[in-house]
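Undergrad: Here is what each chain is made of, one letter per residue.
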Amino acid sequence: MKTLETLTFECETGNYHTFCPISCVARSYQKIEDSFFLVVGTKTCGYFLQNALGVMIFAEPRYAMAESEEGDISAQLNDQEESKRLRLRIKRDRNPSVIIWIGTCTTEIIKMDLEGIAPKLEAEPGVPIVVARANGLDYAFTQGEDTVLAAMTHRCPEHGSLRHKQKQDLVYGSDIPPVEPRRDNRKGKESEIHPPLVLSGSLPSTVASQLNSELERQSVRVSGWLPSQRYTELPSLGEGVYVRGVNPFLSRTATTLMRRKKCRLIGAPFPIGPDGTRAWIEKICSVFGIKPHGLEERENLVWDNLKDYLRLVTGKSVFFTGDNLSEISLARFLIRCGMTVYEIGIPYMDKRYQAAELALLRNTCREMSIPMPRIVEKPDNYNQIQRMRELQPDLAITGMAHANPSEARGIDTKWSVEFTFAQIHGSTNARDVLELVTRPLRRNNKLEHLGWTNLSKQTTTQLFTN
Amino acid sequence: MKLAHWMYAGPAHIGTLRVASSFKNVHAIMHAPLGDDYSNVMRSMLERERDFTPVTASIVDRHVLARGSQEKVINNITRKDKEQRPDPIVSTPTCTSSILQEDLQNFVDRASISSESDVILADVNHYRVNELQAADRTLEQIVRHYLNKARGQGTLDRSITDTPSANIIGISTSGSHNQHDCRELKRLLQDSGIEVNQVIPEGGSLRDLKDLPKAWFNLVPYREVGLMTAMFPEKEFGMPYISTTPMGVIDIAECVEQMEKHINAWASILLKEKVNHASYIDNQTKFVSQAAWFSRSIDCQNPAGKKVVVFGDTTHAASITKIPAREMGIRVSCTGTYCKHDAEWFTEQVQGFCDEILITEDHTEVGDTIARIEPSAIFGTQMERHIGKRLDIPCGVIPSPVHIQNLPLGYRPFLGYEGTNQIADSVYNSFTSGMEDHLLDIFGGHDTKEAITKSLSTDTDPNWNLESQSELNKIPGFVRGRIKRNTENFARQKGVTNITVDLMYAAKEASGA
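Protein chains in written order, with full-length UniProt numbering: chain A, 1 to 466; chain B, 1 to 513.
A couple of the hints might just be wrong.
Said to hold, decoys possible - Derived DSBU-like pairs: lysine-lysine, alpha-carbon spacing no greater than 35 Å straight-line:
{"no.": "1", "chain 1": "B", "residue 1": "K306", "chain 2": "B", "residue 2": "K272"}
{"no.": "2", "chain 1": "A", "residue 1": "K283", "chain 2": "B", "residue 2": "K508"}
{"no.": "3", "chain 1": "A", "residue 1": "K316", "chain 2": "B", "residue 2": "K389"}
{"no.": "4", "chain 1": "B", "residue 1": "K389", "chain 2": "B", "residue 2": "K307"}
{"no.": "5", "chain 1": "B", "residue 1": "K286", "chain 2": "A", "residue 2": "K457"}
{"no.": "6", "chain 1": "B", "residue 1": "K235", "chain 2": "B", "residue 2": "K286"}
{"no.": "7", "chain 1": "B", "residue 1": "K307", "chain 2": "B", "residue 2": "K340"}
{"no.": "8", "chain 1": "A", "residue 1": "K120", "chain 2": "B", "residue 2": "K272"}
{"no.": "9", "chain 1": "B", "residue 1": "K508", "chain 2": "A", "residue 2": "K84"}
{"no.": "10", "chain 1": "B", "residue 1": "K261", "chain 2": "A", "residue 2": "K307"}
{"no.": "11", "chain 1": "B", "residue 1": "K82", "chain 2": "B", "residue 2": "K2"}
{"no.": "12", "chain 1": "A", "residue 1": "K351", "chain 2": "B", "residue 2": "K235"}
{"no.": "13", "chain 1": "B", "residue 1": "K186", "chain 2": "B", "residue 2": "K286"}
{"no.": "14", "chain 1": "B", "residue 1": "K340", "chain 2": "A", "residue 2": "K91"}
{"no.": "15", "chain 1": "B", "residue 1": "K186", "chain 2": "B", "residue 2": "K261"}
{"no.": "16", "chain 1": "A", "residue 1": "K316", "chain 2": "A", "residue 2": "K262"}
Hints in this document: simulated from the structure, not taken from any laboratory.
Note that the coordinates shown come from a computational prediction; the quantities given were computed from them, not determined experimentally.
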């Protein structure tokens, strides 16, 4: 394979494996404590969630399926009446502050007007309903969260007008009194005067506060997160508010924030890995005209702490088949760690939203003097497997459908979904990323001498057949 | 619309894929949106499958909604045909393609003109049948297709094998304990002097299907998958089948007696002698299987009369109801199944072996029933296991739905004589663990919890401030202790007595955990 001097973008057939975007409920319902997610779909959706969420299913989760039956499909049953009945039941059993309807492929095809029904139901006193169309026709995996957050944006109170917020709640019939946004004065230290900054992306609260304190060190105060821990605490948005996503898959949310809420988007790489975190902070500081201090020392310290892992990964090659859109940031971090990346598969590449990240990737490749990886949008898994066979990467970061078969063919594999559910943001968690990346390498180092690398009877030409 | 977050049986296409990917060299193409190929994950993960699951999707996206699939499905089929030359390609509809109402049959017909492989459209309706019914239907469809094809080509061999032989129908991938059951069935047949002609669908080859009628009879161990398939050759060639599940000592005997009957129908002509398995059954029951002796032993007096609740698929729930009730003297308070479509058969089977019968797909109804009855043990699916956990009632897991624990590496059949041992163990162990818990409760529990968590060191503990305390509480319970210890050690090293949130993160970075 020829080495590349510049980043190349390719687009294949889109025949790849990924999670359905409705999987966003798994993270989101845990993040937003007073929410209830209702997935309006079929048995197929339910089956996926039930199996993908594993043991969470047994923990009485705050989500459920509204399973369409034949009567719903053929419109013998009235969508609005059905939705109303379910909403009453959810309200009675769980009393959430918000119900989030997740539209699926089915609701798209039968053109169920969720956006139209929701305000009608809201008009009666009850629970606000947010509609997010997170379906497999349009989106992949983590993009589901993007649609939820984009929909949530419209429910954020207007910046600088408390009266407006109350009015809005009246319109939407919320019976929960508006809550004053929590003021965070824990250091008692006056923050530098800068416009409000709202971060988007649902992160575990520990990771969110780690990033808050990283910024606080530079006297940047985060005035809110989208989403907040509770629906009733959504941050205020509006003209003059600066926003930045912490995840690479939030382009729809970013667009909504800019176009509908008139917020200013800060274009920065994502805080994944110490390099990404530093670049992220630097960019935010520069927008606010703050001179960052101590960032280089801090980054070096983190790299220093990673030495034992770096020794394992340096010089190794990696292949991303692509399924969750964090691939660019992860690849950039791994290249900085000394790895070579052959291919970055990615479901969808928003070159504008990820511009700063792509630039950092380009620079990182130059500085580490390794060839630029090829970026393959909408990859074709079958072709990718052929390419992997040819390239024999030291590590494949891929979905569970291909993980075991690849291992059986002697290719070390890391299951990509783990990067979505593990804590990978900020300098503090850089080690966790490498912990994941090196796990197969460490395990297989121990097994190498046994000589059981190839455990499949399939010949290389009949890759898929059994 | 129905509110649900758990279902016992999956959607129809899963059943079709299970059957298709069980056969050798069959490729399935789903007409589905992105993300619906989740069955590949399940197979690769639950089955710990080494090879790539032969299932791909012809993706339905916005463009398909706007102007139809057009050439897409056909191109995908012909592409797969060129890449891998599967024997047939099975085109599978999903819930999405059901509502799109595209003429898949037309696509399939056109694709089969240009491809070497046979192309079959799975005839399943997503909104009418579930996973199990679809699996049953698809297996029948494939077998029918190949038998009719062989008949058309004149290659169908109607003569039966010289020595007694049988087909085992219904062993499939992701069917829990199926592999072990299959091995046990082969042994049972071998012990009875019967050769295995073919096992389908698992590991079966479509090129051999034409020889399916050479067997003397068919054995269908599971009611859910295979019954339709067995009925087809019975009707066409008068080939008999046995649908008695050889689970539990009594039903195994019943099954072996039926085999004897089918063999003797031909044996007197072909072998000039009749077989008699009475002594085999007697010996196996009394001395090879431990189950009969076990239920007679002192140990088994304790569970006698205790209440249990059983819930599962028809095959397992019916057998696991009959085994404790008539072979161990245990009282089955309630038994149930989620296979609504087969409720009549189920009711007939368990009639007289239980106090009440529950037919439902709603897990909350099962949970409520268990809570009301308060049995000493439950035998149910993974869902009932969790209901049991919540109510503090031990649960023995019977399939399905499957879970990675239901696909054990070790030899754990449910069927045959070894199966009886496994079931006896499982029943007995559920009760003893229940007893232990009660005794522990009575005598105040294990008295060691405090001693383990309390540190023995004499160091003065650093002080956690309110924020760091609440931050600590956000950390998941199972790592909290470790994080707390690490942070405190770090604080001691630094000579800090007050732990703040920042210090916590610093400790995390330093310790690298």
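Undergrad: Next, verify each hint and record whether it holds.
TA: Structure-based check of each hint:
1. K306/B x K272/B: Distance ~51 Å between K306/B and K272/B Cα, so the pair is violated.
2. K283/A x K508/B: Holds, at roughly 25 Å.
3. K316/A x K389/B: violated, 45 Å
4. K389/B x K307/B: Given pair K389/B, K307/B holds - Cα atoms ~17 Å apart, limit 35 Å.
5. K286/B x K457/A: violated, 42 Å
6. K235/B x K286/B: violated, 38 Å
7. K307/B x K340/B: Holds - the C-alpha atoms of K340/B and K307/B are around 24 Å apart, at most 35 Å.
8. K120/A x K272/B: violated, 81 Å
9. K508/B x K84/A: violated, 48 Å
10. K261/B x K307/A: violated, 73 Å
11. K82/B x K2/B: Since the Cα atoms of K82/B and K2/B sit roughly 43 Å apart, the hinted pair is violated (cutoff 35 Å).
12. K351/A x K235/B: Cα-Cα ~63 Å, so violated.
13. K186/B x K286/B: This hinted pair holds, its Cα atoms lying about 21 Å apart.
14. K340/B x K91/A: Status holds; Cα separation ~30 Å.
15. K186/B x K261/B: Holds. K186/B to K261/B sits at ~18 Å (cutoff 35 Å).
16. K316/A x K262/A: With a Cα-Cα distance of about 45 Å, the restraint between K316/A and K262/A is violated, given a limit of 35 Å.
Of the hints listed earlier, those the structure fails to meet are numbers 1, 3, 5, 6, 8, 9, 10, 11, 12, 16, in rising order.
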